[in-house]
Amino acid sequence: MAADHEAPEYELIRAPFPMVRKLQRTLASDYDGPAFIWDIDKTWLDTQISQVKGMLKIPFEFAVDKRALPGTTALLHALRGGPSDRAHRPLFFITASPPFIRKAIERKMLIDGVEFDGITYKDQLEVFRRREFGSLREHTAFKLGALLLLAQVFPERIKIYMFGDDAERDALIYCMFADICAGRLRGTQLVETQIKLGVLQHYARDVAALAEQLPAHERVHGVHINLIRAPDGRRVLGYDDRVLGYPSAGAVARVLHERGLISERGRDRVEQVEGAGEVVFGQAPRDPDGWWTPREQLA
Amino acid sequence: MLSADEVAKLVSEVTERVIMRVGSPSDDPAAGPPRTLGETLDETLWWEQERLREQDPNDEETLADKQFYADLHRQLQHANALEQRRLLQQIVHRYTHEIAGNFSPTVYKLAAKVAPPMLSALLTGLSPRRLFGREAIPRLDQHVIIEGEVDNLERLRERGTLVVTPTHSSNLDSLLIGFAVHELGLPPLTYGAGLSLFRNPIVGKFMHNLGAYTVDRRKRDPLYKQTLKAFASVSLEFGQDNLFFPGGSRSRSGAIERGLKKGLLGCSVSAYRNNLMRGKPNPDIYVVPCTISYPLVLEASTLIEDWLAEVGKSRYIIVDDEFSRWERWLDFLRGMFALDLKIHIRFGRAMDPFGNPVDAAGTSLDPKGRPISARGYFEVDGEVVEDPARDAEYTRELERRILAEFSRQNVIHPTHVLAFACFELLRRAQPEFDLYRLLSSIGAGRSEQSLALPEVEEEIELLLEELERRFAAGQIRLSSVVTEAITNDDVAVLLRAALRSFGTYHPKPVVERRGVRLHVCDAKLLFYYRNRLDGYALRDAPALASFTGPGGARHV
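Quick note, the sequences are listed as chains A and B, same order.
Per full-length UniProt numbering, the very first residue in the first sequence carries number 1; after that it's consecutive.
Per full-length UniProt numbering, the very first residue in the second sequence carries number 1; after that it's consecutive.
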């Protein structure tokens, strides 16, 4: 029991990218278990924040209107519970949704019983204010920045498991993050790779500067991509088998159970909702130097 | 429901009966020697003038009352016995008219037909997307669970008169019971509703037309109370099914009632006795205890403040609570629909006015299930006789049986379990604190108390084990989510349900999860919801009664 000092709930972050973050848990420095990082749009919720049409709908949507993708809420419960169903494993969200809809998103989390330890929103209004319109829909610098800021506060031996979708570049960004953590992708190569992907130069530099502060260490242990756009998995085939695509929450739950990350009961509950199809593993051969990012994507 | 003619007869009968009683020994053996006519009038004048002194001097009703009592005072100066009787008649008639409802079958039918879908549509309309979309409109009957011993009610109603006696947590109770009896195909009940309800901007206009009669708790005049009792009693004798909230007013603490108002309760005993004495056909009166269990209570914040301020006894009329504010209604109902919350209306076993259970045919049964004669309770040498002391004893027994039934039929929701677990953990951590100090130490200012989730889960698990045992012994009821948590050994499902309820309706969440800790943001509401589990001796927790005493709060 503790009388906690009430910290300001949300942090306004301006570098390496404008974002708003809420962190609610500090992990013990010797924690070496798993932590899960999730995207929201098209990974948990059936929303289209990344599209202009989706953004326009926001003011007319209430928390009760938001729909989770089938089985994903049960999957989040199962991951949080871990193999014992009581583990309260670390769970963080990074979303390109603007902070002004945080109330609806967090209310939806409350309604669905999704426990989280932190959430980062892309500060779209600040990007708009800066007249950097190209960066409104380009999320690479934002996501890498948010991931790096999380990695800074994580214990060094943590095992990160990431969840995104194939509607955008989640697989590539997560792989780049894995390589940044391990110290393979840093400096000029990191800046230029981002620029190649359409990131503005100053953001690319800020991300690279932040990356330099992170001790080199393998942190990422799995990348899981919801096959929302190409259910046959062709968008993940170019990665190696550490990246897997899943057509349904049940399909990935089976793998996560085999890997000891969720309980049997957790798996069954996800499968009850949506268990169709099988996961698709990346088919590229593993890089001898350990790279996650396909070489052709690098600058 | 009574026709206009029958209501007129009822008013006249009540007036006559009250006037006859003046000067006779009271039903209450502790009331002392009977008052004379003059004393009764003086007493009425004194109490009413006291009351009017506290009212808004510009209020039209107050002005009319002041005028009436000024005239009365003037006439009383020189009145002889006959004139005194006439003045008393005037007062009682005035009281009775004020109390009597003006039931309108048309309004009732319309309300029963239109209100539930209107409510649903209104709530759906809170989301523009749903309003213009094609999604199914939620229905009230999916959120109000009517259960328990309901099968015999219609048959009993044909054989006698029903007195439904529910627990009382919210002003929504009478509306929900109205909805329940309509759903069960029973005729509408008449009931005494506080004046605040009639002045409520949302439901006030409909109250009289929906079968309610007025109870003005500001009126302390014993004559008024006698008139009220007579009104309830005579309406029962007229065969009008009644709804009594035997606790008197809404539970301020959140606990189910542990004591009842015997004045009103005694009406069922006296009505049955009078029916027998007058040889009425279908003289039976059946008392039907009932619990109304909410996962969230609309007026919880105001009620617990009132209890803690220890003014609950004097502040009978709360006119400024959440029930009078549209936005709180909408928040509450929206939460109920969006979170799929269920309100349980649970009818207990019907009993005779002496607390004996009755079977489907209305026959009273002894503790071994053997038929007994209820009439025999009133007979001396084969004759039904009046005996106030004896009837008061019967009323006490009825009270005991109703309270036992309340305890058994109390439906426990996840919010109650979580609140109880958190409160117990906090209380045990500060054993030296009295209740008020404990509450002010939790969630006060910027330093909220927080609890580690695993610690709370463990406490809930132990609590659920005890609840399961009590449920198996028929001592308590559990909502479906609590049952699911027990059956599947899944505390998480209960925690999620409780947290979403606590986080959505009240202006400040009662308990909020942040990371892996639970923060208590509103200690008073935590205590309020915890109290629903009071009295079951769970986890060696002290009983609510021990929290306060004549000298204020005791150590917890």
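Think of the hints as simulated: they come from the structure by calculation, not from any bench.
Keep in mind that a hint or two might mislead.
What the hints assert, rightly or not - Straight line, CA to CA, 27 Å or less: simulated DSS-like cross-link-like pairs of lysine-lysine: (1) A:LYS103 x B:LYS368; (2) B:LYS342 x B:LYS9; (3) B:LYS9 x A:LYS103.
To be verified - Label pairs and their calculated CB-CB ranges: (4) B:ARG437 x A:ARG131: 50 to 58 Å; (5) B:ASP434 x A:VAL153: 37 to 45 Å; (6) A:PRO83 x B:ALA472: 53 to 61 Å; (7) A:VAL153 x B:ALA473: 45 to 53 Å; (8) B:ARG437 x A:VAL153: 46 to 54 Å; (9) A:HIS221 x B:GLU183: 52 to 60 Å; (10) A:GLU156 x B:ARG437: 42 to 50 Å; (11) A:GLY260 x B:ARG428: 31 to 39 Å; (12) B:ASP434 x A:PHE100: 55 to 63 Å; (13) A:GLY260 x B:ASP489: 40 to 48 Å; (14) B:ARG469 x A:PRO83: 28 to 36 Å; (15) B:ARG437 x A:ARG186: 33 to 41 Å.
Unchecked claim - Residues of chain A placed beyond 10 Å of chain B at every Cβ, according to the derived structure: (16) VAL20; (17) GLN24; (18) ASP46; (19) PRO70; (20) GLY113; (21) LEU136; (22) GLU156; (23) ARG157; (24) ARG169; (25) THR188; (26) LEU200; (27) PRO215; (28) HIS257; (29) GLU258.
Here a beta-carbon is modelled for each residue, glycine too, at the ideal position from N, C-alpha and C.
Now for the hints, and whether the structure bears them out:
1. A:LYS103 x B:LYS368: violated (59 Å)
2. B:LYS342 x B:LYS9: Between B:LYS342 and B:LYS9 the Cα gap is close to 41 Å, so the pair fails against 27 Å, i.e. violated.
3. B:LYS9 x A:LYS103: With a Cα-Cα distance of about 59 Å, the restraint between B:LYS9 and A:LYS103 is violated, given a limit of 27 Å.
4. B:ARG437 x A:ARG131: 50 to 58 Å: Taking Cβ atoms as reference, B:ARG437 and A:ARG131 lie about 56 Å apart, which means the hint holds.
5. B:ASP434 x A:VAL153: 37 to 45 Å: At roughly 41 Å between Cβ atoms, A:VAL153 and B:ASP434 fall inside 37 to 45 Å, so the hint holds.
6. A:PRO83 x B:ALA472: 53 to 61 Å: 31 Å Cβ-Cβ, so the 53 to 61 Å window is violated.
7. A:VAL153 x B:ALA473: 45 to 53 Å: holds (51 Å)
8. B:ARG437 x A:VAL153: 46 to 54 Å: Between B:ARG437 and A:VAL153, where Cβ atoms are some 37 Å apart, the hint is violated.
9. A:HIS221 x B:GLU183: 52 to 60 Å: Roughly 55 Å apart at Cβ, these two residues keep to the hinted range, so it holds.
10. A:GLU156 x B:ARG437: 42 to 50 Å: Hint holds: Cβ distance 44 Å, inside 42 to 50 Å.
11. A:GLY260 x B:ARG428: 31 to 39 Å: Since A:GLY260 and B:ARG428 have Cβ atoms about 36 Å apart, the given range 31 to 39 Å holds.
12. B:ASP434 x A:PHE100: 55 to 63 Å: violated (45 Å)
13. A:GLY260 x B:ASP489: 40 to 48 Å: Given a distance of about 21 Å, which is not inside 40 to 48 Å, the answer is violated.
14. B:ARG469 x A:PRO83: 28 to 36 Å: holds (30 Å)
15. B:ARG437 x A:ARG186: 33 to 41 Å: violated (56 Å)
16. VAL20: For A:VAL20, whose nearest Cβ neighbour in chain B is about 17 Å away, the distance exceeds 10 Å, so it holds.
17. GLN24: The assertion about A:GLN24 is violated, with a minimum of 4 Å to chain B.
18. ASP46: For A:ASP46, whose nearest Cβ neighbour in chain B is about 13 Å away, the distance exceeds 10 Å, so it holds.
19. PRO70: At roughly 17 Å from the nearest Cβ of chain B, A:PRO70 sits farther out than 10 Å, so the non-interface label holds.
20. GLY113: violated (3 Å)
21. LEU136: holds (24 Å)
22. GLU156: holds (20 Å)
23. ARG157: With a cut-off of 10 Å, A:ARG157 remains clear of chain B, as the shortest Cβ separation is near 19 Å.
24. ARG169: holds (29 Å)
25. THR188: The claim stands: A:THR188 keeps its Cβ more than 10 Å from every Cβ of chain B (closest is about 38 Å).
26. LEU200: Holds, since 34 Å exceeds 10 Å.
27. PRO215: Label holds. Min Cβ-Cβ 24 Å, cutoff 10 Å.
28. HIS257: Label holds. Min Cβ-Cβ 17 Å, cutoff 10 Å.
29. GLU258: About 22 Å separates A:GLU258 from the closest Cβ of chain B, which puts it past 10 Å; holds.
The structure does not agree with the numbered hints 1, 2, 3, 6, 8, 12, 13, 15, 17 and 20 stated previously, though it agrees with the rest.
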